[in-house]
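Trainee: Spelled out from the first residue to the last, the chains are:
Protein chains: 4
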Amino acid sequence: MLGLMTARDVKKVVLAYSGGLDTSVILRWLQKEYGCEVVTFTADLGQGEELEPARRKAEMFGVKEIFVEDLRETFVKDFVFPMFRANALYEGQYLLGTSIARPLIAQRQIEIAKMVGADAVAHGATGKGNDQVRFELGYYALQPDIKVIAPWREWDLTSRTKLLAFAEENQIPVTKDKRGEAPFSVDANLLHSSSEGKILEDPALAPDEIVFQRTISPENAPDIATEIAIDFHEGDPVALNGVTLSPAELLTRLNKLGHDNGIGRLDLVENRFVGMKSRGIYETPGGTILLTAHRSIESITLDREAMHLKDSLMPRYAEIIYNGFWFSPERHMLQALIDTSQKSVTGRVRLKLYKGNVICVGRESPNSLYDTRVVTFEDDEGAYNQVDAQGFIKLNALRLRLGGQIGRTGGTP
Amino acid sequence: MLGLMTARDVKKVVLAYSGGLDTSVILRWLQKEYGCEVVTFTADLGQGEELEPARRKAEMFGVKEIFVEDLRETFVKDFVFPMFRANALYEGQYLLGTSIARPLIAQRQIEIAKMVGADAVAHGATGKGNDQVRFELGYYALQPDIKVIAPWREWDLTSRTKLLAFAEENQIPVTKDKRGEAPFSVDANLLHSSSEGKILEDPALAPDEIVFQRTISPENAPDIATEIAIDFHEGDPVALNGVTLSPAELLTRLNKLGHDNGIGRLDLVENRFVGMKSRGIYETPGGTILLTAHRSIESITLDREAMHLKDSLMPRYAEIIYNGFWFSPERHMLQALIDTSQKSVTGRVRLKLYKGNVICVGRESPNSLYDTRVVTFEDDEGAYNQVDAQGFIKLNALRLRLGGQIGRTGGTP
Amino acid sequence: MLGLMTARDVKKVVLAYSGGLDTSVILRWLQKEYGCEVVTFTADLGQGEELEPARRKAEMFGVKEIFVEDLRETFVKDFVFPMFRANALYEGQYLLGTSIARPLIAQRQIEIAKMVGADAVAHGATGKGNDQVRFELGYYALQPDIKVIAPWREWDLTSRTKLLAFAEENQIPVTKDKRGEAPFSVDANLLHSSSEGKILEDPALAPDEIVFQRTISPENAPDIATEIAIDFHEGDPVALNGVTLSPAELLTRLNKLGHDNGIGRLDLVENRFVGMKSRGIYETPGGTILLTAHRSIESITLDREAMHLKDSLMPRYAEIIYNGFWFSPERHMLQALIDTSQKSVTGRVRLKLYKGNVICVGRESPNSLYDTRVVTFEDDEGAYNQVDAQGFIKLNALRLRLGGQIGRTGGTP
Amino acid sequence: MLGLMTARDVKKVVLAYSGGLDTSVILRWLQKEYGCEVVTFTADLGQGEELEPARRKAEMFGVKEIFVEDLRETFVKDFVFPMFRANALYEGQYLLGTSIARPLIAQRQIEIAKMVGADAVAHGATGKGNDQVRFELGYYALQPDIKVIAPWREWDLTSRTKLLAFAEENQIPVTKDKRGEAPFSVDANLLHSSSEGKILEDPALAPDEIVFQRTISPENAPDIATEIAIDFHEGDPVALNGVTLSPAELLTRLNKLGHDNGIGRLDLVENRFVGMKSRGIYETPGGTILLTAHRSIESITLDREAMHLKDSLMPRYAEIIYNGFWFSPERHMLQALIDTSQKSVTGRVRLKLYKGNVICVGRESPNSLYDTRVVTFEDDEGAYNQVDAQGFIKLNALRLRLGGQIGRTGGTP
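For the record, the sequence lines run as chains C, B, E and Z. With UniProt numbering applied, the first sequence corresponds to residues 1 to 413, in that order. With UniProt numbering applied, the second sequence corresponds to residues 1 to 413, in that order. With UniProt numbering applied, the third sequence corresponds to residues 1 to 413, in that order. With UniProt numbering applied, the fourth sequence corresponds to residues 1 to 413, in that order.
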């Protein structure tokens, strides 16, 4: 039965716990305010931080059930790659690096909640952003009667001062660099890092170079291009320079290549699901390479209408993921459509990486639909009959001519 | 009345005439085969060739009515800019440089045909490409009973040897460099140049540097970035670095900037309307800058759903133009939708151009919907109530929870 | 500045007031709870109730500013007809009769609020339905800082007993038939009536005949068909049986014709914007006739691609209106697209009305694109060249054949 | 290798043969003109004609390989039912009865061609219609190098007189009723019958009653309604009135029920793929019942966004089938999306059939998402929290309010 959620009536909660100051405060606050047992869940999604400190901190707070897990392979294989089959870009530009990580965290939190018999889950996302939506839609879709605690929407620790005071009162260690406020907020995983807030709030100003963490600047990248080859099998990348790699390994290597060549920076003002515009600085080095690579292999293996159908639905697919509806009927349906198109997307793409540029320099496939005999400017020995074009044009023009005849010239509706 | 076109029954034909070998052969062939008067029409769309030689050649062939016109401003103002309001990209990548020029040529040919009392028009596009479709759909939409002559689909000059023999027999001057075949075919206008065919036919091989005409390579571009500012008014660019410019002037300057910074190259395998894949090398220096600039000013001035609606229809709009349906009810209807969205797309974008990269470094607008008070990480003084997010999420999750309750967890359809 | 709305801090509120028990309780409750001045607004949208009793009741409650207005012509002309240009059906079936009335009421409330210097508006819609959303999105779009009071979401009169007790305590007259609860809830206007709730909640059971108010049953309709003619001008109906009528007059007559012939009943389980399914019984007699009539005149006057483009966007347009976003950029954009298509939708449609059926028996237009010479099975004298079909088919098949050649037969992706 | 089809160079051809005058003339003409062996293929798709006479006629013409097959079950199971999962309607009204039969005939012709070693196929569709496209796209998709003969586009038997003369010269029996021309042309199968041409060409005139073959008129239907129940399993109908039936049996029974109750007539002006408008009279008695039944069971079992996604793609899916692209990547992709949505579309629908009306009078499902506890007007015991609606509305309104604040009130873009 839905509803009837009396907030305070919680026995055991699974918290998505990073080990940082904010989620440590949340951990303690949950213990005090809800008087409930807290289970921590810390995942390695490739954010580039050690997880063991989080375990030790959790122990320090008396947490008995501590989950620390490396989810990088699952993340890339079951979330990132399926999404890349669609060439998904939110608002024409954003590779959805944060959006695609949230459903996996939500999924694992619910699985753990079932394992440990918890009746609630909690996350550290604020009340203004998209992440709260993504976490909670995931929770509810996977366990409809789960109780959800979103401390940032509930508590009165609404200023940095209050938060630090709470930390002090509750023996939460605050590292020196956290005493002052961070100049901007960061989220990172194996696909990307995102930076936003505070000094980045004015969209009229370019971000300072210190903001960037996953890429060097194009200016600082080598003067010599790097050439690589990526092999695809049924829509997913499987090898780099001829070496077969696991999904996470492959993305890790592409990230390094992207990093070194200044690839994958994006400075974007985007529209949040909760109704406001926000500005983010994204770095998606490997993902940016992957997008060009995937489009390139599709360009010779996908049928025209298969591609156009995919492309026409891509904005909706991207919006669904951005808004947090990964676990929804509409995403499953679109995924079925997209996956159906990928059976023949197999082959090799060669790319040149150079100071921010990803340039396709070759594509080959056993399934290539590109047929030199048909397209050639040379004599095609009858593979294509140019006379057919006349009939093709005449019938395509017929409706326009019928309109023109009664005064609707120039395609006037 | 449609139809009844007996091909040979032509009195006067308006030929789209470049002055080059191929259209000169066509000119002569029309005079001989159709025994009709030929009117030539040579337009400056910014292809970068002198037009006077075309006039002199036409005179040499005895042409009495010769039209040589500079259409650059019309081209940019009435065709390129409306298209850029849509951020149109065919198959996710191609800026439609050739596609957008054809309707204007067709339109002007029909206008001239009416002026001079011609009953036919002719073009020099081959029977395998998209351009024949674009020209002819334009002709038919603008004058449904016009007769259309497409020599490449009709004649028997099917090899280079035969073509040159015809030229020789008919006193058509052949410059030395035309004796041998060109290693690839080029189309150019103020928006772009495209190269395809022959040595470019293998998509596994990167194009040689000699192919590029409108851009230097990123490698050869300066080591220092160039920063520029573009002002938009209701969706169209109107000034560069604070200087108001006419549409063609503005695009010309952007082309120079793009050229110098190695911007706007594209190596693409695309799907033609006539059913085959083809490979093209495109250079769209100014247009590539413009696309980023326009998306950037839209990012702060367009409402979210206005943007998403536009974006979801863009692939269809691009396909319509690519396929040659500029003069069609569906294009007019989509244009009305797009133009309606652009009233507030006014403001300034600053961009950094660097070795192939176009990077937005600032956007400002009197119509900006980006509201720091709402989005801020700092205290927003009540501009946004975080508690609202809970109800928002709960109702968005309701259908997923109802599904989950009866076993359709995880958004199973 | 948005936000900062402290609910109780209201000086003057404009209430959408029907004069019935519920909104009378609301009126009194607002006076008591908010201690503010209440302005009433009662509109005739064709719901078929007298308005003067509402005025008298408002006077009785001490209301000083009372607005009673006949908005039927505006309703049909500026809301119903533009929507019908799109052939809008929500979820394939619902003609949006309730949805389209809410924006007009919201608009007029806001206009009145500006006139009388009110700082708030209030409505009587419940917290579970779509109407609260439609009213409030309209209010906020038209006046972003307006205060909105939705008593049903705020008060504690959560049962019929409490409501009646409040009425008694506050000298609100309760007619005898209102003492017991109504067996279902009704909303009506010139376009339709809707009935839902209580005895209608089980979708496995058909509604009783007493539910229907705007139509007799097909069984009770005459055994003889009625034939009518509707004239359209640029997409809108302008005359019935040759007599030019105002929009509201025309719809009123069509309602009578529909009523008498058992036309326009719909028993639907639909999906609400707030996330649940609900079941409604709708009667849209005139609108159902109009839909068939409009589609019929479009069938001969609209270009194919214009129609297909409209049709492909119709579900989105209908959803926008259903969800309450009439006053939104996306609706304005789609309306521009739709209206652009309607310039030539002019002509006469003849219909047969018979026991629930609306059957087109003829359509004629000066703008007809139907051309007997082209379509005829007889000799067309060259209007259409059948040989063109071969080239048309060959090029449409080309991509499928290229796929088949490499083993992707049968259109395998 | 494509192309190189020298028309006359045919050894053995599989003809889609009805046994009627026209295809008999074609049979003979192929033998004479092409001097090739003709294999006949006659299929029962439920058109309601005996097939044995076709066999005897073929024998009479010396045909050695004669295929006469009952394909009704395949037709309904693998073509009609998958299409009905989409609620497909072309141009909002047409149930695609002819369109969906063509791919099956094409498929079987190609299978037979492979079996008997034929190098060509032939059909009797004219050069103006859609059917030639549907047949030939099917042929080419299934066997890219097949030779296709379309006699109506090739021969000179362009008038009835010439055709009859040819018949006489070639000992083709002409029944008396075929001497004069049929007043209109008919196509029929288990899903529908279609009538068009000649006396039906004027869209201003209603068809005469004699045109109708599969339905009595609503006027002549019984005065008493018939009530039926249809059971669905994963999107397809499986039982009628509790009796499990095979696909073809079920459709046959629904056709009888539809026939008797005057259900499923449609008088339509539609847009052909070949560019012209045409007028058809369709009768789809069982299909019309099925559409309402399927939509009704979906109304309680499909998630909202699943339904809206399907609905938004339905026009494109219908267009694909209408245009003849059943065997195409895009149809396969859309089918995957649609089929994914149907897993839970299981349950029973009760319908009332009455004089042309199909009225849903009840729907039930073990997978119903309709939840009385949530939707009820009565106290829902906390299943739905009305306060959530406020946050939901506030955040949905936020972008409109931000726009309104800077003068873009009323949703002005």
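One thing to keep in mind: the hints can contain errors.
Pairs involving identical chains hold if they fit within one copy or between any two copies, as the list cannot separate such chains.
Below, a list of computed lysine to any residue pairs in the SDA-like style, where the Cα atoms sit at most 25 Å apart [unchecked claim]:
(1) K352 with D202
(2) K162 with T372
(3) K64 with R108
(4) K32 with T158
(5) K198 with K256
(6) K11 with D119
(7) K77 with P183
(8) K11 with T409
(9) K256 with I359
(10) K352 with Q93
Derived from the structure by calculation, the hints contain no laboratory data.
Trainee: Are the CA atoms of K352 and D202 at most 25 Å apart within a copy, between copies, both, or neither?
Mentor: between (34 Å within a copy, 17 Å between copies)
Trainee: With identical chains treated as interchangeable, where does the CA-CA distance between K352 and Q93 reach 25 Å or less: within a copy, between copies, both, or neither?
Mentor: both (21 Å within a copy, 17 Å between copies)
Trainee: Have a look at K256 and I359 and pick one of within, between, both or neither, based on CA distance no larger than 25 Å.
Mentor: both (17 Å within a copy, 22 Å between copies)
Trainee: Check K162 against T372 for me: Cα-Cα at most 25 Å, and say if that holds within a copy, between copies, both or neither.
Mentor: between (69 Å within a copy, 23 Å between copies)
Trainee: Can you tell me if K32 and T158 fall within 25 Å by alpha carbon in one copy, between copies, both or neither?
Mentor: Close inside one copy (17 Å), not across copies (35 Å); limit 25 Å.
Trainee: At 25 Å max between alpha carbons, let me know whether K11 reaches T409 within a copy, between copies, both or neither.
Mentor: Between copies, since 23 Å is at most 25 Å while 73 Å is not.
Trainee: When no copy is named, should K77 and P183 be tagged within, between, both, or neither for a Cα gap of at most 25 Å?
Mentor: neither (34 Å within a copy, 44 Å between copies)
Trainee: My question is about K198 and K256: at a cut-off of 25 Å on alpha-carbon distance, are they close within one copy, between copies, both, or neither?
Mentor: For K198 and K256, neither the intra-copy (28 Å) nor the inter-copy (37 Å) Cα distance is at most 25 Å.
Trainee: I want to check one pair: K11 and D119. Are their C-alpha atoms no more than 25 Å apart within a copy, between two copies, both, or neither?
Mentor: within (6 Å within a copy, 45 Å between copies)
Trainee: If the cut is 25 Å between Cα atoms, do K64 and R108 qualify within a copy, between copies, both or neither?
Mentor: within (18 Å within a copy, 61 Å between copies)
The earlier numbered hints that this structure contradicts are 5, 7.
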